Amino acid sequence: MTTRKITSEWILEPGTGKAIELLKGQVLRIEQVEGGQCADFNCFNLHDYKEFMHCGRTRTVHGFHPTKGTFMWSAPPRERAMLYILEDTVGRNDVLFPRCSAYVYEAAYGFSVHTNCHDIQAEAQREYGLTPDDVHDSFNLFMCTGVDADGHAYMTRQTTKAGDHVDLLALMDVLAIPNVCGADVMKTSNFALKPLKLTVFEATEADLASVPTTPVLASQRTPKDFKNPVIKSDRGLRRDPDYRPEFPNTPIVLTELPVALTAEEVTMLNAVKLTDIYGDDDAAALRDILFSWWEERFLQAHAGAPAIEA
Amino acid sequence: MNETIVKLRLNQQQLELMDRTIAQGVAPDRAALVRLALREYAASRKAETAGSSR
Ligand SMILES: [Zn+2]
Chain S
1 MTTRKITSEW ILEPGTGKAI ELLKGQVLRI EQVEGGQCAD FNCFNLHDYK
51 EFMHCGRTRT VHGFHPTKGT FMWSAPPRER AMLYILEDTV GRNDVLFPRC
101 SAYVYEAAYG FSVHTNCHDI QAEAQREYGL TPDDVHDSFN LFMCTGVDAD
151 GHAYMTRQTT KAGDHVDLLA LMDVLAIPNV CGADVMKTSN FALKPLKLTV
201 FEATEADLAS VPTTPVLASQ RTPKDFKNPV IKSDRGLRRD PDYRPEFPNT
251 PIVLTELPVA LTAEEVTMLN AVKLTDIYGD DDAAALRDIL FSWWEERFLQ
301 AHAGAPAIEA
Chain H
1 MNETIVKLRL NQQQLELMDR TIAQGVAPDR AALVRLALRE YAASRKAETA
51 GSSR
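Protein chains in written order, with my numbering: chain S, 1 to 310; chain H, 1 to 54.
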């Protein structure tokens with residue numbers, strides 16, 4: 001067994017969360033103490049809190065249950081791999097559900113005060129000057145969820161045991177905030193709130209070597225690339241009288257491309273064109289065929305997902 | 001030979017993707033790329049239908 005160089009350890013008690021400075025090359029282990037406990041998780045760039053983890057991009061790239069061998073990505077326009085899931089002894093995490101909130105417990109269960117992930121995250125993040133509005137969509141560790149035939153997300157009980165853990169390797173300096181999910185009247189954590197153990201240790205050379213290389217692209221923009229790099233510091237919205245729109249690649253201009261089809265090609269077009277969508281507009285049907293073909297032949301990622309292999 | 005002219009309406013971004021594909025040597029020009037796409041797309045659909053009808 002590998003000896004880990006441990007930097008720090010905490011026991012995260014029920015109802016609490018902890019903001020942890022996790023530096024590039026360090027690993028945060030979130031571990032079951034008794035088993036059966038969901039952990040919600042937020043993550044910010046330690047040096048620029050406006051870059052934060054984005055469940056939307058993460059689930060598009062890695063599916064609804066990201067596990068060992070996947071990344072947590074930051075939101076556009078940053079879209080960088082922030083953390084790498086180095087180990088996951090369970091393999092059942094969730095990026096479908098939002099954090100539970102006071103509203104849920106008041107509206108559905110009648111509680112005036114109840115432990116909830118939003119407020120726990122906000123209280124933990126307050127140590128670093130963040131406000132309740134800064135809490136973002138959470139990555140839910142150990143949460144057992146799915147999608148039913150009607151398209152609704154559901155959650156059910158988990159089967160985690162003491163010692164089960166997820167190891168998150170920081171690929172940049174981050175503020176990592178795990179919390180014990182406050183849900184004790186839902187199936188999320190099998191109807192009981194239990195502690196979680198947190199350990200920070202240094203990644204080994206082998207750990208670092210196991211991380212796939214991700215792209216470095218011009219589209220991954222930082223404030224130096226923004227037209228307005230200044231963080232707005234008041235709450236009201238007022239129009240900038242000097243604003244002139246500069247949308248890229250506008251205006252969109254159409255060009256007509258005549259294509260001469262042989263009789264045989266016309267037969268092919270008639271056989272495969274999508275008449276229910278394009279009617280008798282053969283030009284639109286042929287354009288669809290062109291770009292559908294392009295996707296099939298040249299696109300490596302799932303449609304709508306970016307390529308993540310460097 | 002009997003030819004049918006189909007006039008595709010393409011914007012500058014779609015043309016850029018086509019031109020980058022042409023630059024890889026996939027087809028000699030834009031019209032040829034469209035015809036190649038049609039032939040390959042139709043062929044793969046035909047193969048699919050043949051495969052699924054069994
Ligand atoms: Zn919760």
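Note that these hints are calculated values from the structure, not bench results.
Source: prediction; values computed, not measured.
Any given hint might turn out to be false.
[What the hints assert, rightly or not] Here chain H is said to cover these stretches of chain S; the calculated rule only asks that three of the stretch's residues, wherever they fall, bring their Cβ under 8 Å from a Cβ of chain H:
#1 103–117
#2 268–275
#3 293–303
Think of the CB as a built atom: it goes at the ideal place given N, C-alpha and C, for glycine as much as any other residue.
Structure-based check of all given hints:
| no. | hint | result |
| --- | --- | --- |
| 1 | 103–117 | violated (count 0) |
| 2 | 268–275 | holds (count 4) |
| 3 | 293–303 | holds (count 5) |
Hint compliance for this structure: hint 1 alone is broken.
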